[in-house]
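Peer 1: Given chain C, work out where chains R, G and B with the ligands should sit, using these hints.
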Amino acid sequence: MPADFISNLYVFILAGFVGFEVIRRVSPLLHTPLMSLTNALDAIVVVAAIIIAGRHETTLTTVLGAIAVAASFSNMVGGFVITDRMLRMFKSGRSKQS
Amino acid sequence: MPADFISNLYVFILAGFVGFEVIRRVSPLLHTPLMSLTNALDAIVVVAAIIIAGRHETTLTTVLGAIAVAASFSNMVGGFVITDRMLRMFKSGRSKQS
Amino acid sequence: MTGLALQQYLDFAYIAAVVLFVLSLRFLNSPTTARMGVLCGEIGAALAVVATLFNPEVAHYKWVLIPLIVGAGVGVPLGLVHMTAVPQRTALSHAFGALSAAMIGIAEFYVGTEPVTRFQMGEIGLEVIIGSLTFTGSLIAAGKLQEILPQRPIVYRGQNIVSLSVLGAALALAVALVVNPANAWLFPIMVIVALIFGVLLVTPIGGADMPTVISLLNSYAGFSAALLGFVLNSKVLVVAGALDGSSGFILSVIMCKAMNRSFSNVMFGAFGQVQTSAAGVKEERVVRSANPEEAASILSAANKVVIVPGYGMAVAQAQHKVRELYDVLTKKGIDVRFAIHPVAGRMPGHMNVLLAEADIPYDRLIEMDEINGDFPQTDVALVIGANDVTNPAARTDQTSPIFGMPILDVDKAHTVMVIKRSMNPGFAGIDNPLYYMDNNLMLFGDAKQFVGSIVRELGTGH
Amino acid sequence: MTGLALQQYLDFAYIAAVVLFVLSLRFLNSPTTARMGVLCGEIGAALAVVATLFNPEVAHYKWVLIPLIVGAGVGVPLGLVHMTAVPQRTALSHAFGALSAAMIGIAEFYVGTEPVTRFQMGEIGLEVIIGSLTFTGSLIAAGKLQEILPQRPIVYRGQNIVSLSVLGAALALAVALVVNPANAWLFPIMVIVALIFGVLLVTPIGGADMPTVISLLNSYAGFSAALLGFVLNSKVLVVAGALDGSSGFILSVIMCKAMNRSFSNVMFGAFGQVQTSAAGVKEERVVRSANPEEAASILSAANKVVIVPGYGMAVAQAQHKVRELYDVLTKKGIDVRFAIHPVAGRMPGHMNVLLAEADIPYDRLIEMDEINGDFPQTDVALVIGANDVTNPAARTDQTSPIFGMPILDVDKAHTVMVIKRSMNPGFAGIDNPLYYMDNNLMLFGDAKQFVGSIVRELGTGH
Ligand SMILES: NC(=O)c1ccc[n+]([C@@H]2O[C@H](COP(=O)([O-])OP(=O)(O)OC[C@H]3O[C@@H](n4cnc5c(N)ncnc54)[C@H](OP(=O)(O)O)[C@@H]3O)[C@@H](O)[C@H]2O)c1
Ligand SMILES: NC(=O)c1ccc[n+]([C@@H]2O[C@H](COP(=O)([O-])OP(=O)(O)OC[C@H]3O[C@@H](n4cnc5c(N)ncnc54)[C@H](OP(=O)(O)O)[C@@H]3O)[C@@H](O)[C@H]2O)c1
Numbered sequence: 000m001p002a003d004f005i006s007n008l009y010v011f012i013l014a015g016f017v018g019f020e021v022i023r024r025v026s027p028l029l030h031t032p033l034m035s036l037t038n039a040l041d042a043i044v045v046v047a048a049i050i051i052a053g054r055h056e057t058t059l060t061t062v063l064g065a066i067a068v069a070a071s072f073s074n075m076v077g078g079f080v081i082t083d084r085m086l087r088m089f090k091s092g093r094s095k096q097s
Numbered sequence: 000m001p002a003d004f005i006s007n008l009y010v011f012i013l014a015g016f017v018g019f020e021v022i023r024r025v026s027p028l029l030h031t032p033l034m035s036l037t038n039a040l041d042a043i044v045v046v047a048a049i050i051i052a053g054r055h056e057t058t059l060t061t062v063l064g065a066i067a068v069a070a071s072f073s074n075m076v077g078g079f080v081i082t083d084r085m086l087r088m089f090k091s092g093r094s095k096q097s
Numbered sequence: 000m001t002g003l004a005l006q007q008y009l010d011f012a013y014i015a016a017v018v019l020f021v022l023s024l025r026f027l028n029s030p031t032t033a034r035m036g037v038l039c040g041e042i043g044a045a046l047a048v049v050a051t052l053f054n055p056e057v058a059h060y061k062w063v064l065i066p067l068i069v070g071a072g073v074g075v076p077l078g079l080v081h082m083t084a085v086p087q088r089t090a091l092s093h094a095f096g097a098l099s100a101a102m103i104g105i106a107e108f109y110v111g112t113e114p115v116t117r118f119q120m121g122e123i124g125l126e127v128i129i130g131s132l133t134f135t136g137s138l139i140a141a142g143k144l145q146e147i148l149p150q151r152p153i154v155y156r157g158q159n160i161v162s163l164s165v166l167g168a169a170l171a172l173a174v175a176l177v178v179n180p181a182n183a184w185l186f187p188i189m190v191i192v193a194l195i196f197g198v199l200l201v202t203p204i205g206g207a208d209m210p211t212v213i214s215l216l217n218s219y220a221g222f223s224a225a226l227l228g229f230v231l232n233s234k235v236l237v238v239a240g241a242l243d244g245s246s247g248f249i250l251s252v253i254m255c256k257a258m259n260r261s262f263s264n265v266m267f268g269a270f271g272q273v274q275t276s277a278a279g280v281k282e283e284r285v286v287r288s289a290n291p292e293e294a295a296s297i298l299s300a301a302n303k304v305v306i307v308p309g310y311g312m313a314v315a316q317a318q319h320k321v322r323e324l325y326d327v328l329t330k331k332g333i334d335v336r337f338a339i340h341p342v343a344g345r346m347p348g349h350m351n352v353l354l355a356e357a358d359i360p361y362d363r364l365i366e367m368d369e370i371n372g373d374f375p376q377t378d379v380a381l382v383i384g385a386n387d388v389t390n391p392a393a394r395t396d397q398t399s400p401i402f403g404m405p406i407l408d409v410d411k412a413h414t415v416m417v418i419k420r421s422m423n424p425g426f427a428g429i430d431n432p433l434y435y436m437d438n439n440l441m442l443f444g445d446a447k448q449f450v451g452s453i454v455r456e457l458g459t460g461h
Numbered sequence: 000m001t002g003l004a005l006q007q008y009l010d011f012a013y014i015a016a017v018v019l020f021v022l023s024l025r026f027l028n029s030p031t032t033a034r035m036g037v038l039c040g041e042i043g044a045a046l047a048v049v050a051t052l053f054n055p056e057v058a059h060y061k062w063v064l065i066p067l068i069v070g071a072g073v074g075v076p077l078g079l080v081h082m083t084a085v086p087q088r089t090a091l092s093h094a095f096g097a098l099s100a101a102m103i104g105i106a107e108f109y110v111g112t113e114p115v116t117r118f119q120m121g122e123i124g125l126e127v128i129i130g131s132l133t134f135t136g137s138l139i140a141a142g143k144l145q146e147i148l149p150q151r152p153i154v155y156r157g158q159n160i161v162s163l164s165v166l167g168a169a170l171a172l173a174v175a176l177v178v179n180p181a182n183a184w185l186f187p188i189m190v191i192v193a194l195i196f197g198v199l200l201v202t203p204i205g206g207a208d209m210p211t212v213i214s215l216l217n218s219y220a221g222f223s224a225a226l227l228g229f230v231l232n233s234k235v236l237v238v239a240g241a242l243d244g245s246s247g248f249i250l251s252v253i254m255c256k257a258m259n260r261s262f263s264n265v266m267f268g269a270f271g272q273v274q275t276s277a278a279g280v281k282e283e284r285v286v287r288s289a290n291p292e293e294a295a296s297i298l299s300a301a302n303k304v305v306i307v308p309g310y311g312m313a314v315a316q317a318q319h320k321v322r323e324l325y326d327v328l329t330k331k332g333i334d335v336r337f338a339i340h341p342v343a344g345r346m347p348g349h350m351n352v353l354l355a356e357a358d359i360p361y362d363r364l365i366e367m368d369e370i371n372g373d374f375p376q377t378d379v380a381l382v383i384g385a386n387d388v389t390n391p392a393a394r395t396d397q398t399s400p401i402f403g404m405p406i407l408d409v410d411k412a413h414t415v416m417v418i419k420r421s422m423n424p425g426f427a428g429i430d431n432p433l434y435y436m437d438n439n440l441m442l443f444g445d446a447k448q449f450v451g452s453i454v455r456e457l458g459t460g461h
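Chains as they are written, first to last, in numbering that gives the first Met the number 0: chain C, 0 to 97; chain R, 0 to 97; chain G, 0 to 461; chain B, 0 to 461.
Isolated chain C, as found in the complex (with noise of 0.2 Å):
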């Protein structure tokens, strides 16, 4: 089993542990906003897309990356955009009743 794996193990146990504190308090709210949120952040596998495409070894390797790339980046782009547009529309009271 290569040391690599091990330590992606801690860090993978380490942010389950920490996504799981911090989204149990997340406000009931919130939990649209929530969804669409960690969507944009799972988006981050573009990373990997954009090395694959990148690299441009061969066309099928090439091919997937390119779409895994526009896949991803459409997530990521649209889901902060939504988010932040639902988290505008909340409001409290004492700000916004006239």
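It should be emphasised that the hints constitute simulated quantities derived from the structure, not laboratory data. Check before you lean on any hint, since a few could be wrong.
[Unchecked claim] Away from chain R, derived, C-beta distances all over 10 Å, residues of chain C: (1) Leu13; (2) His55; (3) Glu56; (4) Thr57; (5) Thr58; (6) Val62; (7) Arg84; (8) Arg87; (9) Met88; (10) Lys90; (11) Ser91.
[Unchecked claim] The calculated BS3-like cross-link candidates involving lysine-lysine, where the alpha carbons are at most 25 Å apart (straight line), are: (12) Lys90(R) with Lys303(B); (13) Lys303(G) with Lys411(G); (14) Lys61(G) with Lys256(G); (15) Lys411(B) with Lys303(B); (16) Lys411(B) with Lys256(B); (17) Lys303(B) with Lys330(B); (18) Lys331(B) with Lys90(R); (19) Lys331(G) with Lys303(G); (20) Lys303(B) with Lys331(B); (21) Lys303(G) with Lys90(C); (22) Lys331(G) with Lys90(C); (23) Lys330(G) with Lys303(G); (24) Lys330(G) with Lys90(C); (25) Lys330(B) with Lys90(R).
Virtual Cβ for every residue (Gly too), placed ideally from N, Cα, C.
Peer 2: Here is chains R, G and B with the ligands on its own, set in the frame of chain C:
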């Protein structure tokens, strides 16, 4: 900069986040046991000391290692003993009020 | 040396991205800091993407920049969809994410000069299977939510056995590849089998169970990204994937708890297909109904009103009319609050987003546990297109399929008024004893129109 | 192959230990699950230690087992100290932990055939400096708390400059070693300079500031263990160190907030040395006092009593007498609760542990924020050996050194009774206007004796 350093940095940062989230929610009632428990957990440096002492490379390192084993193991044992003693004292009114 | 120095900058950019991602989610714990959270996420993602463009391995920018532009071109409109389309947009984005994760895994299998080791083969196989099944599963879910595909659970005898055999076949192919990674021809078969399994997994699940399915697919998409991080030894992927995976998992658990159902019941229960038969032995019971004018006069006589929105309000797109109602009543000095059940609507937090869209201040949106104690002091509970989440049978009738599900205790209000189009049951397919209670009035009609009529009545006479 | 397999078992044992450590701290969030937390920690630690004994590098068991036995022999008695000795025991255990971390770092410098790289030298240097200064600093703190060393802050002109130069010297030596790791003779000098800095760091700080210092040293000890994990590439040390480090850090922040002071004020402020002069211009003001009999009759006439324990109760070891008082009053049907200020006593949570030791149920111990609103409805607030944490000047007097510190609003109770031996000030060295208020009665005497007398009075007459 060795690759190990980077992966340890990830582990450190994530463990710091975990510590921060988890410890902020420890009941203030238990702040003294918290101190003694983290002390006992921190005494896990004993594993490094065991290796140094057990390798028996030079007299100097063996003596340093042996002292480190004794010092940290006393922390580990003592820390768990006193934490458990303290926690045994905490009783809720419902369970003990006669 | 400069190569090494560059690598260090990249490493630190990724570490900074990870820190920003965690902060991003932390800021989401309150609506006042939430937009800051989006900003942190954006900066982190931008850092990571820009850093990657500097990676010396990225030599052919054409193959990177064009897809990035295409992705942005697709992403922006998908970010601007109407609020009522958010559930299907979310499902679609899970499909995109899983597609991308699967494709990278497949490319990783074919890339490189030296053949993959057994251990890597195991990682890649698992990653590609999860990615592929999440891709097709999410597409089916999006189709059901967009109502391109039938909403009903599609079931046949022995379906669970068939589905599980297909999954077993995909896993067996992966094992065969681990045993001998040289059998590369097995790999595309494995991918196809996994894609088929995704279809089989989601098709039998009813449209109304889609929210839980979406959350589960969310967590699958996250875990496949994390696995990809293992394959590529990329810690930023491991962290982002673990965060996404745990988020989806926690949301599904919250939903299952709020419905008092188990995971396996959601996945294999084919809920919402037959239970209508339970309503077979219906006695003739008295139902009182009212028209908009009567409803308006009851509302204007009240001091405390609680509005309970549900799936029907979303379908009818009635949130802006509800906002008008809120305004008129508030102007009359009536205290109006909204009671939000955790699984009202089609996804967790759905009602909050719709009402926020209609500019209703979020401090008027009260969670179930907090508001339930207030119903006995409430003059009028106005239920708008909600049904199951107000069904008192969940509290009292041990034989009811939803017995034990926590509900909003609207029946304890002095007067209850329910806006819906008919006496038809809601998603759970069961009768609602609330409608036969003495303090209940049915307001039959489409939510948007009926609320509109009430607003008009209130505007004129009362 | 078997060597590799063994390594895998070891890796998984350490991973399991890490998971158990995190769970251990999570279980500490409530007193009902806290002992489960200790169990998790114990299993995790045992797993890690036993796994390490199987490490093939550990060849000479004599040098391991004898120190382990010695350590256990020292540890058990240190785990059985009296509850009032917990602060100094904690300081001592930080000293042990830091000693061990420093020694391992030193050994790592001298061990091995190939010389250390510059990067490793930097890590080792930093680790050994932090470990060494934490060792001597903790010893001084323990000495002050055990009252072997003078409690007063020991200060002289230009002391901060001297201390910082010593720290600078230690860091400069570390840099010199990084520049040329072959200069091995600089290493022991660096260690000695760091040890001296630890002494200089803590000596000028007053005994009453020791709790904050202990917490800070706790976090230093944790961070040095984490650094050691970097040096040895041991992730279990990195995690345990980070958890310990953040715990100490959070506790110090909580304490500083509860005292409305900054870190630097605690570390360099030499608090509690001169402020007594502030009490110089004292006018003659009326102080009313009472004897045990009067106190007992006031208490027995009350319906609601809040007891406020402080440092004086700990010093007098009065907690068991307080328990008797609680019993007598409760038996008379009087509602008795305890108000716990976050920095009452000598360490965070100190009062809770003492009162729990005396068998007072923890649901009677109420935190400051929760109980402060109840004082206006409280008949008698009985302050036992607390002073600063009840000083209303913190609320009203902008010139007071403790202005802004959140306090227990005992002055709002109908009657306040304060048990202390004299009119002397508390740790902050300032006068307490509470004692001159109309609703205040001083009960002069040692806490243990005075409470004992009240109990006797209550037992007989009333
Ligand atoms: N939100 C989630 O995350 C989630 C997840 C999983 C499952 N679910 C399930 O979804 C259900 C949600 O409960 P709910 O009370 O919100 O909805 P519901 O029980 O499904 O009831 C919705 C009601 O709205 C009415 N309606 C539909 N269209 C309407 C229109 N245009 N105008 C007026 N009324 C209309 C329907 O009655 P008519 O046909 O008579 O008009 C229906 O009875 C629960 O059973 C829950 O378990 C939700
Ligand atoms: N707990 C922590 O973590 C922490 C950390 C940092 C600083 N501090 C500081 O420590 C102080 C704690 O406040 P506090 O109100 O608990 O204590 P305090 O303000 O120091 O007052 C303690 C009082 O107890 C009395 N006393 C001493 N021995 C006694 C005995 N045998 N019998 C009866 N009375 C006795 C003393 O008065 P007489 O001499 O007249 O008897 C003294 O005024 C605060 O200023 C806080 O900022 C605490």
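Peer 1: Indicate, hint by hint, whether the structure satisfies it.
Peer 2: Here is how each hint holds up against the structure:
no.	hint	verdict
1	Leu13	4 Å, violated
2	His55	26 Å, holds
3	Glu56	23 Å, holds
4	Thr57	28 Å, holds
5	Thr58	32 Å, holds
6	Val62	31 Å, holds
7	Arg84	28 Å, holds
8	Arg87	28 Å, holds
9	Met88	28 Å, holds
10	Lys90	28 Å, holds
11	Ser91	25 Å, holds
12	Lys90(R) with Lys303(B)	22 Å, holds
13	Lys303(G) with Lys411(G)	13 Å, holds
14	Lys61(G) with Lys256(G)	49 Å, violated
15	Lys411(B) with Lys303(B)	13 Å, holds
16	Lys411(B) with Lys256(B)	23 Å, holds
17	Lys303(B) with Lys330(B)	13 Å, holds
18	Lys331(B) with Lys90(R)	22 Å, holds
19	Lys331(G) with Lys303(G)	11 Å, holds
20	Lys303(B) with Lys331(B)	11 Å, holds
21	Lys303(G) with Lys90(C)	22 Å, holds
22	Lys331(G) with Lys90(C)	22 Å, holds
23	Lys330(G) with Lys303(G)	13 Å, holds
24	Lys330(G) with Lys90(C)	19 Å, holds
25	Lys330(B) with Lys90(R)	19 Å, holds
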